[in-house]
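Sequences and hints are given; from them, build the entire structure.
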Amino acid sequence: MATWQRFAIFLGVGSILIGGWHYYLWTRLVRDADLPPPWRTAGTAFLVAMAVMMPLALALGRSLPAALARPLAFVAFTWMGLAFLLFFLLLVGDAVKLVLTLVDRVRGLGPSDPERRTAISRLVAGAAAVLGVGAGAVGVAAAFAPRVERVRVPLVKLPASLAGLRIVQLTDIHVGQTVQRGFIEALVAQVNALDPDVIAITGDLVDGSVEQLREHVAPLAGLRARHGVYFVTGNHEYYSGVPAWVAHLTTLGVRVLRNERVRIGDERGWLDLAGVDDFNAPGRGSDVAAALAGRDPATPCVLLAHQPRSVFEAGRLGVDLQLSGHTHGGQIVPWNLFVRLQQPFIAGLDRHLDTWVYTSRGTGFWGPPMRVGIPGEIAEITLATA
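At position 121 of the sequence shown the residue is numbered 145 (the numbering used here), and the sequence of numbers has no breaks.
In short, the hints are calculated from the structure, not lab data.
Only true hints are included.
Between beta-carbon pairs, the in silico distance windows are:
{"#": "1", "residue 1": "Gly36", "residue 2": "Leu365", "range": "21 to 31 Å"}
{"#": "2", "residue 1": "Leu122", "residue 2": "Arg279", "range": "53 to 63 Å"}
{"#": "3", "residue 1": "Gln29", "residue 2": "Pro358", "range": "26 to 36 Å"}
Because the structure is a prediction, the values reported are computed rather than measured.
Glycine residues also receive a C-beta, built at the ideal position from the N, C-alpha and C atoms.
Have a look at this one:
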């Protein structure tokens, strides 16, 4: 199936879901709250406009001039995050109303009078709106301020000469309509201030073509690390033109690892740094066996793999540490509760067999420019002898 066909299906199904989602918001925020006519009209018009704007931003965002695309995307995707928060809060409100109704029935009371029902609906709608907007505003600020997360990982085979080696991991930056040059410039300065030994970018760097984003990724050429800057593809690179991005990143001084590895260290001791394509990449995809072929198993190995689920093959093949992203940690509570349906790990340091796996919450964001309860991160991984 061609890329445009997949996108058309995604857009069509998404539009239907967005319509149903906004209808639910309308019933709770407008209809059940029994808003007076002017507010009812305004609320209905606003929700219809937002329901149309979201798929419009997805469909046209990459083809519009930048002066139009960025504000359209920012408004539409900010509303996406706020609408998700409202949806969840209103569901909680529905549960509360259901409990109150059941209590009334247990007490032998008749149907509640319409005025009481309307008052409760207005209270729930008002509380959801205040909490949702407040959480959304805090989340927008948090999305543009990733924090340094320091993690120590003991490796049994690590030579003493490499003890203390620091890998700074960036992932899921999603340079595109809302993450642009200013964010990347600040990120590069923040990373360089850590004085890392290795910089690893574990996929989903971009959402757009080289032509569209060349200016915005240009600051990546300023990244500095003693043993180099490395990148592996994520699923979003395959929506954006992998060959062109691999070639362009090379011009920025970034080494792309595609089911291959490099050695880091000196005659006192070595570390294998391997990288694989995204788990769902066309063709051979995430081929850990190819990346590790012919290596000395006595040498410690760190694997860069966008999706945590590459760890099952990595564990079987004796990888010591896998660095992944993809999950965003959920990005917005309570979405994190559903991530485990698709990935074995959500965020933080975990273990599978004898393999450590660190799953970053992501440095940027996708979709809504907000992070609610799940901050973005720049992971500083320090390797230690066990």
